[in-house]
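Student: Sequence:
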Amino acid sequence: MKLKTCKQCKVKFEPSRPLQMVCSSKCGYDYVKESNIKKAKTDWQKEKKVIKEKLMTSRDYLQIAQKIFNIYIRTRDEGLNCISCNKPIKKGNCDAGHMWSAGNHANVRFNELNVNSQCSRPCNKDLSGDVNNYRIGFIKKYGEENLKELDSIANLERKFTIDELKELIKTYKVKIKQLKNKKLWQK
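For the sequence shown, the residue numbers in this note's numbering are 1113 to 1299.
Among the clues, some could well be false.
What the hints assert, rightly or not - Beta-carbon label-pair distances, calculated as ranges:
1. Q1298 / D1263: 32 to 40 Å
2. K1199 / E1256: 17 to 25 Å
3. Y1254 / N1216: 20 to 28 Å
4. R1270 / D1172: 15 to 23 Å
5. L1225 / I1176: 29 to 37 Å
6. S1232 / E1279: 43 to 51 Å
Derived from the structure by calculation, the hints contain no laboratory data.
None of these values were measured; they are calculated from a predicted model.
C-beta: ideal position from N, C-alpha, C; glycine also.
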């Protein structure tokens, strides 16, 4: 038979049977022991993930969904100017700016028209940021009809269920991946 490398000690040995993986009974014992420890760690990681997921609240899922959605908006609008001031956005200074705030207008929180790339400062974070500039930029980008439609649904009540939030997370992760792949192909 051909020489094999011991799965445990990595020493070359001549196997006495075709499927022999270790050079000695000691290495066999150690190999099985380490394999069981690795399997127990893997099983615990899976169990821990399930436990953590069961403990998550709708607020936790909302935060995750918002984070993923904002990443999508930044990826979608990469290279575009700020919707409010129409200036190029410096790297690291980009927010996913909501025309209708996410906290007060849940119905349009995840509406892709309502959220566009915006300078972190001064356009999105400073209180002096002019909402009218956002609206003007919105009209230039999407048109007055879309603005009227968005305004009409912005104040409707909305509560997201955990299942809806999980679906949003999954959807926007896929969209981010598709956008990144598309941008790779365009280069």
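Student: Look at each hint and say if it fits the structure.
Tutor: Tested hints:
Separated by about 34 Å at the C-beta atoms, Q1298 and D1263 satisfy the suggested range of 32 to 40 Å. Between K1199 and E1256 the CB atoms are about 23 Å apart, so this pair conforms to the stated range of 17 to 25 Å. Under the hint 20 to 28 Å, the C-beta atoms of Y1254 and N1216, about 21 Å apart, fit the expected range. Taken as a hint, the range 15 to 23 Å holds for the pair R1270 and D1172, whose Cβ atoms sit roughly 18 Å apart.
The given range of 29 to 37 Å is broken by L1225 and I1176, whose C-beta atoms sit roughly 22 Å from each other. The beta-carbon spacing between S1232 and E1279, approximately 29 Å, falls outside the hinted interval of 43 to 51 Å.
Violated hints, listed in ascending order, are 5, 6; each of the other numbered hints is respected by the structure.
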